[in-house]
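Asker: Take the sequences, apply the hints, and build the full model.
Chains as they are written, first to last, in the numbering used here: chain A, 250 to 597; chain B, 250 to 597; chain C, 250 to 597.
Take the hints with a grain of salt, since some may be wrong.
[Said to hold, decoys possible] Some chain C residues flagged as far from chain A (calculated, every beta-carbon gap over 10 Å):
no., residue
1, 282
2, 286
3, 291
4, 301
5, 311
6, 350
7, 465
8, 526
[Said to hold, decoys possible] Here are a few chain A residues that face chain B, going by a calculated C-beta distance under 7 Å:
no., residue
9, 374
10, 493
11, 532
12, 572
[As the list claims (entries may be wrong)] Restraint-style ranges between C-beta atoms, simulated for each label pair:
no., chain 1, residue 1, chain 2, residue 2, range
13, A, 471, C, 354, 46 to 54 Å
14, C, 382, B, 580, 25 to 33 Å
15, A, 285, C, 257, 33 to 41 Å
16, C, 587, A, 479, 14 to 22 Å
17, A, 480, B, 544, 24 to 32 Å
18, B, 408, C, 407, 57 to 65 Å
19, B, 479, C, 363, 42 to 50 Å
20, B, 405, C, 365, 41 to 49 Å
21, C, 250, B, 284, 23 to 31 Å
22, C, 383, B, 411, 52 to 60 Å
It should be emphasised that the hints constitute simulated quantities derived from the structure, not laboratory data. Note that the structure is predicted; figures quoted are calculated from it, not measured. Here a beta-carbon is modelled for each residue, glycine too, at the ideal position from N, C-alpha and C.
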Amino acid sequence: MLTEADRPGPPGTTLFDSQIGLALRRWCAPALDLPPHSDPETYLERRAELGHAEVHRRLLGASGISTFCVDTGFQPEPLTCAEDLAAFAGGRGLDVVRLERIAERAAVDVLTGQIGVAHLADTVRARLAERTPSTVAVKSVAAYRAGLALPARRPTDREVAAATRTWINEIRGGAAIRLHDPVLHSFLIWCGVEARLPVQIHVGYGDADLDLARGNPLLLTGLLRAIAPTEVAVLLLHCYPFHREAAYLAQVFANVHLDLGLAINNTGRGSIGLIAQALELAPFGKFLFSTDAYALGELFLLGATLFRRGLAAFLADGIDDDAWTAADAARIARLVCADNARRVYDLR
Amino acid sequence: MLTEADRPGPPGTTLFDSQIGLALRRWCAPALDLPPHSDPETYLERRAELGHAEVHRRLLGASGISTFCVDTGFQPEPLTCAEDLAAFAGGRGLDVVRLERIAERAAVDVLTGQIGVAHLADTVRARLAERTPSTVAVKSVAAYRAGLALPARRPTDREVAAATRTWINEIRGGAAIRLHDPVLHSFLIWCGVEARLPVQIHVGYGDADLDLARGNPLLLTGLLRAIAPTEVAVLLLHCYPFHREAAYLAQVFANVHLDLGLAINNTGRGSIGLIAQALELAPFGKFLFSTDAYALGELFLLGATLFRRGLAAFLADGIDDDAWTAADAARIARLVCADNARRVYDLR
Amino acid sequence: MLTEADRPGPPGTTLFDSQIGLALRRWCAPALDLPPHSDPETYLERRAELGHAEVHRRLLGASGISTFCVDTGFQPEPLTCAEDLAAFAGGRGLDVVRLERIAERAAVDVLTGQIGVAHLADTVRARLAERTPSTVAVKSVAAYRAGLALPARRPTDREVAAATRTWINEIRGGAAIRLHDPVLHSFLIWCGVEARLPVQIHVGYGDADLDLARGNPLLLTGLLRAIAPTEVAVLLLHCYPFHREAAYLAQVFANVHLDLGLAINNTGRGSIGLIAQALELAPFGKFLFSTDAYALGELFLLGATLFRRGLAAFLADGIDDDAWTAADAARIARLVCADNARRVYDLR
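Answerer: Structure representation (structure tokens):
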């Protein structure tokens with residue numbers, strides 16, 4: 250679970266021979282009472298000895314994160330809910346609703362005859378309208394399915410109906426219940442916009458299941474231009490290696506934001522350079538912290554530690570060079586590490 | 250006017266929360282007799298108090314730029330001419346002719362019956378031939394219109410005639426007088442080549458009106474290969490975030506050059522990294538200084554200051570590391586800051 | 250031969266006004282008994298005085314390379330064979346077989362009537378099977394021909410036969426004997442996979458003959474996904490400016506590796522930044538040293554010196570920052586500079 254690879258590396262190499270592996274040994278070992286840089290075997294033994302609950306309490310607690318906005322829509326494994334996850338750190342858990350999952354559940358309702366195929370779109374809209382008070386955003390994983398070259402304007406009811414019929418027929422013909430039509434992905438994003446919920450979009454970096462070329466955020470330019478007048482916040486997640494492109498979009502569209510998510514963990518100490526590059530163009534009010542942590546408590550602590558260190562290095566370099574003041578740096582750190590998220594997700 | 254965004258950012262954020270905002274407070278405040286890092290309100294008050302003529306005299310004067318090559322073809326606002334602009338700094342003003350504007354003026358002549366549609370191409374050629382002695386280059390903004398995937402070989406007269414008729418018919422049908430046909434953009438660039446004027450091409454970074462993916466300079470590869478034998482200089486402007494790609498083109502094509510224009514201002518202190526990346530592959534005789542300054546005097550001072558500091562940091566790092574000598578560094582600085590432009594634009 | 254340009258730069262500039270030119274003066278002059286940073290004239294005089302055999306003995310000897318894996322398939326010039334090349338450094342020479350050359354030789358056999366067109370594919374397979382013991386890998390230059398958007402799955406015999414007939418007919422119609430069909434490039438790569446030889450693929454940076462946009466390694470994603478289950482090693486060569494994309498592929502596919510080849514030499518001191526960026530995501534067991542040196546002995550010494558310095562700088566920065574230990578750094582250096590190549594190419 251430590252990297253985006255889906256099988257082990259070649260013989261003679263280990264998962265720990267990577268930036269994230271070195272970062273784990275440096276930053277997570279002390280949280281388990283081991284010296285920094287402990288070797289993998291020692292780390293894994295101590296981890297097993299403490300047990301997963303204690304390990305997660307320590308790692309999440311040491312992350313210093315107090316509010317967790319969590320997408321629990323990944324399938325097929327059932328995931329810890331946001332509230333239980335946050336409890337490891339004594340924090341608050343809030344929900345991010347995965348749009349494709351809402352649609353896929355509605356597809357099951359069509360297949361089991363509970364609703365007609367013509368009502369799938371309305372069912373999706375209704376479920377987003379019925380959301381719980383803990384829902385703070387929606388999320389699209391179109392990058393993994395159809396890619397980001399989505400129709401720019403909101404699809405018409407007729408287009409949505411036709412794409413829905415095609416999709417349901419595919420499933421009836423034996424295909425997996427996996428939404429992958431550009432019109433439907435665009436429809437879902439527009440549903441989020443209409444519900445006036447911040448829309449998170451997976452961009453760039455991910456696992457081997459992805460076609461990274463189709464995850465370039467510039468492919469979203471037309472759609473972002475169409476959404477801009479609604480002023481609903483859009484959040485481009487991860488973005489690597491297209492983080493400069495994402496930062497450009499965050500500069501020119503008032504409602505677009507970005508984070509580096511997954512890329513911070515995986516690039517380890519290299520994340521210092523990524524943060525500096527994202528902040529070449531991204532306004533400081535548009536750049537957010539995130540970990541994209543999943544499955545391993547280590548990813549929360551690494552995401553938080555590496556991000557803080559990278560942002561601190563960026564800000565300290567500018568102070569040393571008299572490019573900005575310590576007061577400017579403190580204000581930027583507050584925006585990026587907390588206030589931007591409070592504003593975008595309307596956290597009180 | 251300070252960034253490429255076309256509307257204000259979210260509530261609670263300001264335009265000054267960005268690299269360019271911090272750079273302005275650092276470097277422009279002293280030119281208005283204020284301490285470095287003055288807050289935005291103080292800066293704006295002092296700026297209003299001095300009045301725009303005095304502000305521009307100070308900011309352009311402090312930039313140290315002596316020769317201004319200016320594209321005054323941006324529409325619809327009338328712009329200060331090159332000569333008047335240069336006068337603020339006691340310098341010399343020279344003209345860069347925007348190719349699309351020449352064609353759009355000829356289109357007006359067609360529409361008002363002054364010339365026949367079949368004569369638009371010849372009229373464009375004639376106007377380029379009649380240029381004033383102060384004209385040093387032409388410029389294409391195809392990146393904003395059709396994108397840079399332009400026909401590589403010079404369009405035939407028949408192709409130009411057909412594209413012209415289509416365009417004029419569109420305008421007669423109610424479209425804006427805005428050239429946007431790849432054949433006509435390519436034709437215009439070839440007109441510049443035939444007139445043996447250096448051809449500037451907007452590449453990469455710009456405002457929200459742009460589709461940045463279509464501004465990748467690698468899309469120009471075929472056209473550059475076709476132009477290469479003419480030995481007419483081509484200048485790729487701005488280029489971010491495709492500056493490495495542009496530098497590659499400047500290495501492999503003897504007549505291709507690049508600058509970072511707009512990206513220097515907007516990335517503030519981050520521009521140090523951009524300059525170093527452009528100079529990974531770009532020969533030192535192919536990299537030029539520019540500001541792309543427009544509307545605000547601050548952009549001239551920032552462009553010049555940040556570029557000098559970034560280039561100086563790049564050169565000093567190499568001296569410290571014994572990678573090159575101080576004499577090498579001085580020679581490179583002269584090429585990049587002055588001699589390359591003198592050679593390309595034939596400035597005496 | 251020092252850069253990827255195919256003609257001299259503009260008047261008043263020299264080839265030495267570049268990162269690689271400065272690096273040559275810094276690092277190669279001492280190997281010819283000259284002071285570091287000697288001027289180009291002095292260097293060229295001394296080089297002529299020593300003669301090419303002595304120059305190559307010194308430059309290759311000083312590189313510290315002991316095993317040379319060499320693609321000698323570049324045409325039309327006859328190249329020094331791997332064994333003779335290695336002898337300059339007292340090292341061992343091993344062969345990398347250029348796949349397109351094997352196919353082009355088989356095409357000549359078809360044209361001269363030695364084999365039927367229907368037997369070209371089998372002839373290619375047979376020649377790969379008959380390879381000498383010194384053959385350690387195959388190499389594809391599809392990037393220069395059809396680009397990297399190759400068919401993902403292995404072409405069927407019928408598809409290969411049809412593409413072969415078309416190609417042979419083109420040659421009979423007067424075209425050069427130059428394989429350039431995506432189906433045939435994919436077929437050749439699959440031949441390498443079936444022969445269980447490591448497959449090198451030229452990616453990204455090269456000379457003006459290349460369409461760099463078609464050299465993006467992400468275009469290979471589907472093909473790499475199809476090859477992954479075979480566990481045959483794939484090596485992405487050069488990769489610049491797509492080295493982050495290549496490193497991503499090396500992270501997510503267990504059999505994919507990368508080097509920076511040509512880009513190390515050409516970016517001179519700038520190569521420090523490239524190495525750090527490649528190692529953001531690439532597992533340390535997947536990143537290899539190479540020089541891509543060709544024609545000039547200088548390129549061997551520069552490739553080796555710049556790579557060692559860049560990797561050392563990367564590793565030392567992490568030690569200084571307590572991100573990893575000196576023992577970790579030593580282990581990573583051994584993997585990258587020797588053990589990864591030993592494992593991939595099965596060198597004893």
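Asker: A separate judgement is required for each hint: does it hold in the structure or not?
Answerer: Outcome of the hint check:
no.	hint	result
1	282	holds (39 Å)
2	286	holds (29 Å)
3	291	holds (38 Å)
4	301	holds (40 Å)
5	311	holds (30 Å)
6	350	holds (28 Å)
7	465	violated (7 Å)
8	526	violated (7 Å)
9	374	violated (26 Å)
10	493	holds (4 Å)
11	532	holds (5 Å)
12	572	holds (4 Å)
13	A/471 to C/354: 46 to 54 Å	holds (49 Å)
14	C/382 to B/580: 25 to 33 Å	violated (51 Å)
15	A/285 to C/257: 33 to 41 Å	violated (54 Å)
16	C/587 to A/479: 14 to 22 Å	violated (57 Å)
17	A/480 to B/544: 24 to 32 Å	holds (26 Å)
18	B/408 to C/407: 57 to 65 Å	violated (39 Å)
19	B/479 to C/363: 42 to 50 Å	holds (45 Å)
20	B/405 to C/365: 41 to 49 Å	holds (43 Å)
21	C/250 to B/284: 23 to 31 Å	violated (55 Å)
22	C/383 to B/411: 52 to 60 Å	holds (59 Å)
In summary, the numbered hints that this structure violates are 7, 8, 9, 14, 15, 16, 18, 21.
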